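Enquirer: This is what each chain is made of:
4 protein chains.
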Amino acid sequence: MLEQLKKRVCEANLRLVREGLVLLTWGNVSAVARKEGLIVIKPSGVAYDEMKPGQMVVVSLKTGEVVEGTLRPSSDTPTHLELYRAFSKIGAIVHSHSLYATAWAQAGREIPAFGTTHADHFYGTVPCTREMKQGEIENDYEKNTGCVIVERFKDIDPLQMPAALVAGHAPFTWGTTLEEAVTNSLVLERVARMASETLLLNPKQRPLKKTLLDKHFLRKHGSEAYYGQKKQ
Amino acid sequence: MLEQLKKRVCEANLRLVREGLVLLTWGNVSAVARKEGLIVIKPSGVAYDEMKPGQMVVVSLKTGEVVEGTLRPSSDTPTHLELYRAFSKIGAIVHSHSLYATAWAQAGREIPAFGTTHADHFYGTVPCTREMKQGEIENDYEKNTGCVIVERFKDIDPLQMPAALVAGHAPFTWGTTLEEAVTNSLVLERVARMASETLLLNPKQRPLKKTLLDKHFLRKHGSEAYYGQKKQ
Amino acid sequence: MLEQLKKRVCEANLRLVREGLVLLTWGNVSAVARKEGLIVIKPSGVAYDEMKPGQMVVVSLKTGEVVEGTLRPSSDTPTHLELYRAFSKIGAIVHSHSLYATAWAQAGREIPAFGTTHADHFYGTVPCTREMKQGEIENDYEKNTGCVIVERFKDIDPLQMPAALVAGHAPFTWGTTLEEAVTNSLVLERVARMASETLLLNPKQRPLKKTLLDKHFLRKHGSEAYYGQKKQ
Amino acid sequence: MLEQLKKRVCEANLRLVREGLVLLTWGNVSAVARKEGLIVIKPSGVAYDEMKPGQMVVVSLKTGEVVEGTLRPSSDTPTHLELYRAFSKIGAIVHSHSLYATAWAQAGREIPAFGTTHADHFYGTVPCTREMKQGEIENDYEKNTGCVIVERFKDIDPLQMPAALVAGHAPFTWGTTLEEAVTNSLVLERVARMASETLLLNPKQRPLKKTLLDKHFLRKHGSEAYYGQKKQ
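Protein sequence lines, in the order shown, are assigned to chains A, B, C and D. Residue 385 in this note's numbering sits at position 44 of the first sequence, and the numbers go up by one each step. Residue 369 in this note's numbering sits at position 28 of the second sequence, and the numbers go up by one each step. Residue 357 in this note's numbering sits at position 16 of the third sequence, and the numbers go up by one each step. Residue 355 in this note's numbering sits at position 14 of the fourth sequence, and the numbers go up by one each step.
Hints listed in this document are in silico derivations from the structure and should not be mistaken for laboratory results. Be aware that a few hints might be false.
One copy or two, it doesn't matter: identical chains are merged, so the pair holds either way.
With a straight-line cut-off of 27 Å between C-alpha atoms, the simulated DSSO-like cross-links for lysine-lysine are [said to hold, decoys possible]:
1) LYS550 to LYS495
2) LYS551 to LYS474
3) LYS474 to LYS545
4) LYS484 to LYS571
5) LYS561 to LYS474
6) LYS561 to LYS393
7) LYS551 to LYS484
8) LYS556 to LYS484
9) LYS430 to LYS376
10) LYS550 to LYS474
11) LYS561 to LYS571
12) LYS348 to LYS430
13) LYS556 to LYS403
14) LYS484 to LYS403
15) LYS403 to LYS348
As the structure is a prediction and not an experimental result, all values here were calculated from the model.
Using the sequences and the hints, build the whole thing.
Expert: Structure representation (structure tokens):
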């Protein structure tokens, strides 16, 4: 089932490796088939150089149970499920431990929009969750990881801010498509590094003013976008 | 029309990718045909791995209108036009969001000439524009981006300083030829990184003294240059 | 003798090069054959691009004498022997001068577990030895390098902490298998870099709380691990 | 003449590119034929991807005049000559603007021996020249660049310290052979970066104690060396 989607999820996982976002078996990508109520996700701890579309695991969006697949799904599956349930318009999720975005998460700092590179993709400061409580870690840890992200997004539109840092852990990004979700991980890593380098040069730098943030985000996103070619 | 120039502009755009200066569809290169009053520029938001010379867009230097091409020109086209109009001796322009040069732009800092690597290519501190005003952002933003660069160059010879940082945005470089303009982006990125590393080691370092700056810039540029081979 | 192990030790040495952990002839990997009381180790100062399995040197675990091989063993052999003698459950050792882990060793700082990437592989702060004394350096230096590591591990389980920094020198990692030992070097380098970048963003950051450290280390290691696929 | 040496000098220049030490046409390598009183050096400003052994330029060690070759020699030739004249046992010289070593030169700081990686190759702090005076820059600049290096080495053995930083400029390294000279540039760049990262972690770190410096340098160099294989 969902063979085409498995192929695309597998390919998106492999792209993380090619783009230098993951080491070893780190990282995972999933996509959701809303109509079917299913997600397709990378298996846990499988070497990338042997990964095949047929190894992708199909999991019920509602119950979290494996519907198809002989391998265990990524141990982060409950986090993905929580995000898909809360953010009803997203179609794919990427989790990586990419170097600079992870450093920001480890520092417990949110990434300010210091420039238009950031503003072209993320509409404001990239949020970081609060630290998780002892009980949230001890029981249903991976599900609770999703919950603290959702909690942090109470007043944030996940399509305007397709990225979150989990404090002490690493980033998650998403998008309406697999391509968008992977692109957002790639851009997040770049703007995280740019922001680190910016702070070394100007430790008190303030974020972009609202007008400039709006200009860049909205010329690429939303109804009056004029960047790129006209959609057919 | 201008098929040869389209080929060279396309190739220069692809070189940005090979040199690691751009991600995704970021960055754009253009060249001007002064006699014809036309510029050739990269289309907006097209994937580099499918880019073809025939997709380059021809735009009127005077009116900014598309003269030939089925795709939209780069959204930064009005910036390029403004620079070509003000800097009458330049032949090509490169815009990238390269990591370190962008960090300096985001920090709102000009790059001092800390060493002879810098002095070999840029005759003094690489300038950074002022922040743009609300009205300049809301209306004709891309044109005004060119205007703040030109304003900053009131007393600077653009051939002796073929680079500018736009505050909160990223660098532009140029040259009399496409090759020079791309080379200047590559060198700017390198000297930006060297300058960041220099400041970590010596936060109060002063720029090179004038004699040494002159020596290095002028042994490669100007009438008494003696670096490289004799021009035929 | 031990031809199969020589092949694997040679391959593990070459993997260090491919992963960018060593320059020139730096670094060395060994493995132990406990039953035979022998170790197999890289020869000293041989170029990686000409390295052959047959050049690996077989050394007595007990006496440190060369049992087979025409080349001198790595000059760090006495360090490896000391570790194999003290840590009876490890099967392989890797020594590199990888950039960031070496910077921490040079700074004489232990690497705190700032995030779950670290906690997935190392159960707490990566320890750094004390400085070696004049007499320890002048006589039996390489053996004493092993001794100061062992001294630092008096109250640490080497299987839960498969890495050590030698002050002013560089890291050693180990594992029950060659693959684990190399992987631990690779991960150590990455978490060292992440930790450096974390401190730039938050110089006073505290290590992960114990609950989160436990959660991540123990979901991948120990009897109740649930990361990856079931072992057959 | 010296066709074999030209081939090796050309190859050493190309290795700088492969190792990532140079951009564009930056950097130059030379070797000396002491018996013949000649040096062989890279031509000035020639693209590396078209460089041929036959383009190497032969220059008189005594007079600095071109003895063979149709291209101009590197503009840094007078610096090389000065070093060969003063350091009678060196056989080859490398000049690059490699990123981290150049940052130290730009910062005007000498590189302390913070670890054994450094001590394995450089016997103590890597020296940096004083700033050059106005007259030294205006007249015979490249020759005077050599002179300030030689001046700084008044009490230093160039074979024990095969590297120098020129303040505000970049590094020079040398060796008894071409291979050694290139290796020393490669290692200098690595230890410069390690030292920068060490200072970020421990801004007050002190250099290695003398005993450890001696141990590492002398186990690889000098009459009692025991690193590597026996020389035939």
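Enquirer: Taking the hints in turn, state whether each one holds.
Expert: Each hint, compared with the structure:
1. Taking the shortest alpha-carbon separations for LYS550 and LYS495, both the intra-copy value of 23 Å and the inter-copy value of 26 Å come in at or below 27 Å.
2. Only between protomers do LYS551 and LYS474 lie at most 27 Å apart by alpha-carbon distance; the minimum there is 11 Å, versus 34 Å within a single protomer.
3. For the homomeric pair LYS474 and LYS545, the shortest alpha-carbon distance between copies (21 Å) is at most 27 Å, but the shortest distance inside one copy (31 Å) is not.
4. In this homomeric assembly, LYS484 and LYS571 come within 27 Å of each other (Cα to Cα) only across copies, at 21 Å, whereas the closest approach inside a single copy is 40 Å.
5. Proximity of LYS561 and LYS474 under a CA criterion of 27 Å is satisfied inter-copy only: 21 Å between copies versus 38 Å inside one chain copy.
6. When the C-alpha separation of LYS561 and LYS393 is checked against a cutoff of 27 Å, the pair qualifies only between copies, where the shortest distance is 23 Å, while the shortest distance within a copy is 34 Å.
7. Taking CA atoms no more than 27 Å apart as the test, LYS551 paired with LYS484 passes between copies only; the shortest distance there is 19 Å, against 35 Å inside one copy.
8. Taking identical chains as interchangeable, the C-alpha atoms of LYS556 and LYS484 lie at most 27 Å apart only when they sit on different chains, with a minimum of 14 Å there against 36 Å within one chain.
9. In this assembly of identical chains, LYS430 and LYS376 lie within 27 Å of each other by CA distance solely inside one copy; the values are 12 Å within and 52 Å between copies.
10. Taking the shortest alpha-carbon separations for LYS550 and LYS474, only the inter-copy value of 10 Å comes in at or below 27 Å, while the best intra-copy value is 35 Å.
11. Taking identical chains as interchangeable, the C-alpha atoms of LYS561 and LYS571 lie at most 27 Å apart only when both belong to the same chain, with a minimum of 11 Å there against 45 Å between chains.
12. Taking identical chains as interchangeable, the C-alpha atoms of LYS348 and LYS430 lie at most 27 Å apart only when both belong to the same chain, with a minimum of 22 Å there against 42 Å between chains.
13. For the identical chains of this complex, LYS556 and LYS403 are inter-copy neighbours only, at 25 Å across copies versus 39 Å inside a copy, given an alpha-carbon limit of 27 Å.
14. Proximity of LYS484 and LYS403 under a CA criterion of 27 Å is satisfied intra-copy only: 13 Å inside one chain copy versus 51 Å between copies.
15. For the identical chains of this complex, LYS403 and LYS348 are intra-copy neighbours only, at 23 Å inside a copy versus 50 Å across copies, given an alpha-carbon limit of 27 Å.
The structure fails none of the hints (numbered hints given earlier).
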